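K.L.:
Residue numbers (the numbering used here), protein chains in the order written: chain A, 1 to 344; chain B, 345 to 688; chain C, 689 to 1032; chain D, 1033 to 1376.
One should not assume that every hint holds.
Unchecked claim - Across the chosen pairs, the derived CB separations fall in these ranges: (1) Asp1084(D) x Asp531(B): 45 to 55 angstroms; (2) Glu472(B) x His130(A): 45 to 55 angstroms; (3) His1196(D) x Glu116(A): 40 to 50 angstroms.
What the hints assert, rightly or not - Here are the simulated lysine-lysine pairs, DSSO-like style, with alpha carbons at most 27 angstroms apart: (4) Lys1167(D) x Lys823(C); (5) Lys135(A) x Lys479(B); (6) Lys823(C) x Lys1345(D); (7) Lys657(B) x Lys135(A); (8) Lys313(A) x Lys271(A).
Bear in mind the hints are in silico, worked out from the structure with no lab data behind them.
Since we're looking at a predicted model, the values are computed, not measured.
The beta carbon of each residue, even a glycine, is placed where N, CA and C say it ideally should be.
Protein chains: 4
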Amino acid sequence: MLHFDSDYMEGAHPRILEALCRDNGSQHVGYGLDGICGEAKDRIRKACGTPDAEVWFLVGGTQTNRTVIDSTLRPYEGVVAAESGHISVHEAGAIESSGHKVITLPQHDGKIDAAELRDYLETFEHDENHDHMVKPGMTYISHPTEFGTLYSAGELREISGICHDHGIPLYLDGARLGYGLAADGTDVTLHTVAECCDVFYIGGTKVGALFGEAVVITHPHLIDGFFPQIKLNGALLAKGWLLGLQFNTLFTDGLYERIARNAIVQAMRIKRGFAEKGYRQLFDSPTNQQFLILDNETMDCLRKDVSFSFWEKYDDGHTVVRFATSWATKPEDVDALLQLLQHP
Amino acid sequence: MLHFDSDYMEGAHPRILEALCRDNGSQHVGYGLDGICGEAKDRIRKACGTPDAEVWFLVGGTQTNRTVIDSTLRPYEGVVAAESGHISVHEAGAIESSGHKVITLPQHDGKIDAAELRDYLETFEHDENHDHMVKPGMTYISHPTEFGTLYSAGELREISGICHDHGIPLYLDGARLGYGLAADGTDVTLHTVAECCDVFYIGGTKVGALFGEAVVITHPHLIDGFFPQIKLNGALLAKGWLLGLQFNTLFTDGLYERIARNAIVQAMRIKRGFAEKGYRQLFDSPTNQQFLILDNETMDCLRKDVSFSFWEKYDDGHTVVRFATSWATKPEDVDALLQLLQHP
Amino acid sequence: MLHFDSDYMEGAHPRILEALCRDNGSQHVGYGLDGICGEAKDRIRKACGTPDAEVWFLVGGTQTNRTVIDSTLRPYEGVVAAESGHISVHEAGAIESSGHKVITLPQHDGKIDAAELRDYLETFEHDENHDHMVKPGMTYISHPTEFGTLYSAGELREISGICHDHGIPLYLDGARLGYGLAADGTDVTLHTVAECCDVFYIGGTKVGALFGEAVVITHPHLIDGFFPQIKLNGALLAKGWLLGLQFNTLFTDGLYERIARNAIVQAMRIKRGFAEKGYRQLFDSPTNQQFLILDNETMDCLRKDVSFSFWEKYDDGHTVVRFATSWATKPEDVDALLQLLQHP
Amino acid sequence: MLHFDSDYMEGAHPRILEALCRDNGSQHVGYGLDGICGEAKDRIRKACGTPDAEVWFLVGGTQTNRTVIDSTLRPYEGVVAAESGHISVHEAGAIESSGHKVITLPQHDGKIDAAELRDYLETFEHDENHDHMVKPGMTYISHPTEFGTLYSAGELREISGICHDHGIPLYLDGARLGYGLAADGTDVTLHTVAECCDVFYIGGTKVGALFGEAVVITHPHLIDGFFPQIKLNGALLAKGWLLGLQFNTLFTDGLYERIARNAIVQAMRIKRGFAEKGYRQLFDSPTNQQFLILDNETMDCLRKDVSFSFWEKYDDGHTVVRFATSWATKPEDVDALLQLLQHP
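Use the sequences and the hints to build the structure in full.
P.N.:
Set out below in structure tokens:
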């Protein structure tokens, strides 16, 4: 059986396991106050070109989104996001549970549109009833988006400028950031992200780590009391050095972006393979998630040998499915998949 | 100056003031446990045809929505509403602040569509990721809607049936219920509402009272611990008998529906007056709110003598405005408005 | 039957009803943006000697406590209060429901002790685990306390100084403030309160109004976005002018303190009456609540003709009960009570 | 330098690392729906003697407490705990942040007293104001307590009986459960815990795992919708099999209790060593945490070579400190500590 269900099916990159086996017997102080975390934070600051940024390590994506957003907003503020954003749809209401509305804008291949964001913010400010409405207090974007698509550097800068014109911080969910940075043709680097965003996270869970997300607060006074807010959200790992160790490894010798590249290479092979057989994509994704429109017969046939995600019904005879690759995807698994496509 | 800004500009119906002046010096136990509240509850149960219903009195609409919805839902549930619903737009995030997502459906003249509700509920249940999504735990409708429109009895029954098929209670926001019941051509009575809804409230603030909303729980075991939940939401009035006194008066000799009728009569005069002059409506509202598309010149001219609400920009030359009447609207004020229309 | 159960059994002072009857037919804009509210705010600022204070009107005490405290605190902060404080015991968890811990200090006749407050704050700051603990973000006191007792001006100033030394605002719950100001021997005036507190409220519900509490923010930048936070807490009254009207009346010609005086006079008569018969008090209260230790036989006997509150069991043969007077207590009712004491 | 600061300074037991290295390259479905989790759950059910229990894996202790408690309680309910309970003091307000009060009872060497619990519950039920108070909806105990002490089986059964008499579930925080089970002289087994508690967790973080806590719901209908509530609390680990793998290892061949034994042996050596030198303990702890009263001179002297936790000031010349051992404490480190005691 071949598995392309998601990008978090495997464990960690071997170098992380090596480091873990090496340090497992040592003793470390708790809660991320250890030296390994310190070292990892320095590496991340350096990679981002932001020597003054705060860096924090959390365990998972929903946890990070909830903690960052609730820690930033005032009780009467909400967060603006694409209607397809992870916080809008697939976090079981984590943001609302912490007391804040997710204010949705239309999605365009998973992205928000700068002009629509500006319109929304201006309309809000001019609405004579705005004191009876949820005030936008942060803008959330994901990069890559939930549909695998990417913002250009120009788009990020425009969105960032609009947010700052309206006094609102920009937050980027980088659960799959590595795959965005490693994509062909992107002009967005880690420096671009750090330059445009007030806070963002570099996803580890999906890009080489066992678990872990590195939050970078480039605007250091954005959030006061972040430590106790991590704690009260249940997001403080006792053995915080486990997170430091993983990010320290990922940010040594450019490992993070390098291993992400494999996911892109394998995803592009899948993309081309399906295209050559005439299958259409739902989004033109340059990253590790490929959304394909399959006729139901082919889909059922493939299912016997391959696992992948159901995305949505396309029409009575067709279905959209998702194939995800990762840093750990084996080329021979993609070979086998393409072979099946040739001779289903 | 003529005022058609809203339907809560005046105080209370004179009979309420009379009752208040009569009872003001008496002593009553607190928190709605007094005899006047008991009497008022009985009158409401009788008017609804629901002898076993629980009846509670709260102070205002947003407070009632927040308290009822949060008291009913489990932490992982949200409430389904029209995107134009009051809880979706104009309660400053009260529902989210209590931890719950407002899940929006498209609005059609302010109403949700039964088929779209059914589709949404079925799609949710079949979504393989639904455990990562907010579960619909209640359906919210307003009647009249925020746009002055009304559900038919058939529509209410269909929506109610769909909710119950999916094990979800139906909640009706009746902030302006009196104006809905008094409208021409409606086939919805208080009995219909009580028959279709698991919980609803009869609005007093906008229909004759100084303040106050009567919550009717027709499905008595729907909410456990409602009293302490009213308290912790800051919604428990110390002198609860003030609420009982008002509803007791409104539900004596059919006063509630009778006084609502005036708002309808005056609103229809405004509607016809504008129509005769060729102005279009944004919605065909049979109730006390009339949404008119005015050219900006007329609007500016009227504004010198009349106050009304800005609703939204229609196009560069036109604006949608709202005229609201109430139980207290004076016919001579409408005369004067219509006069102004003739000779602006 | 004589009623001394509580101080919110009657309606409003006759002058308020007169004003209401006079203004009932007028039209006012909603949500407290009307001229009457403006006038009332000015009167309160003047009475407090704080021309720059923000003044807001809310409906009830628990609502006010919840809204003020939640609007002031950051998510990781709690509010310090006496273990007997209203927010600690009798608000059904309203503060916790909004996400904040009530951090309790011992009560001494219902009051917190300045030295214990200082010790607590210093100990917290020096605790090496304080980032894992709830940070004190506000101090709450009630004046009069829940036991009818009063702080001296010196005590208020000392507590205020300690709070400010630690960067924490002081909030005073004045549900019964009028009765505190009108007590014999107190050196606390409204000016003292305004000088010591960053925010406090002047209780209307228990002192002459139908309902209503006036929040005074003497440190005007303490709370940002208070209006939408009132709204999302369900605490925004549509017909806000009803609150303005009541406080406008109460703060005209010193009515508020003047009518409070009657409660004191009658309470002192009750106090003396019981003392003369040899009954002991649980607290030496100079205000409108008197806590008496009755033998159970006397209590049961009195109960046939008088209603009062059970407070707590004292020992097997005795019970603590509360007699409350108000601005509306009739001297002849106290006469009758004292008569019953003579000839039970 | 010797480290006795805490029991979570080391990584995982070597067998866990072996299993991780073996499975790291395999592919697993996410969120704990994999086979390893299934196997681990079965092993835990068997060890507890509860074939029908639900078992869930979460990442850390505060997260688990918050998620379990909030998922169980209704909005108007609180959780009863010792004033020294972890949820009362050291979770930065996580429980309150989720909307619930921690109702505290006195602690006796870290434990609650059954009679005081019964008194509290009965007094609450008979309080005529209980609808204005937070309703006890769950009882929380920790075993071992935060002070290293243990309940006897008789005490657990008595507390359990009282809870059930009042319709309240009993929840046991077993962050250090292994050390409780492995203590000398205890009559509490995993079966006892499962028999007495409606829900409890078996701590992995402090007893052999990298991280992870296993929640056992012995009363399976106690919590509805636990999966989405784990998600919305940010507590759902994407690679859930990492948790299954660790507990599967710990519950194979009795590893969990076996490795816990080392912590006890080493802690008892420390206890005896200090006792022999005449030092007193603050609590008579039979588990891995030893609280010692040191004169400040000795303390400062030891600090040069040993790290341990400051607990609290005892008097001007003495301080209470904590020495913690773990499954990984090396006997030679304890040798060295005892040597230092002999020749400071």
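K.L.:
Go through the numbered hints given earlier and state which of them the structure violates, listing their numbers in rising order.
P.N.:
2, 3
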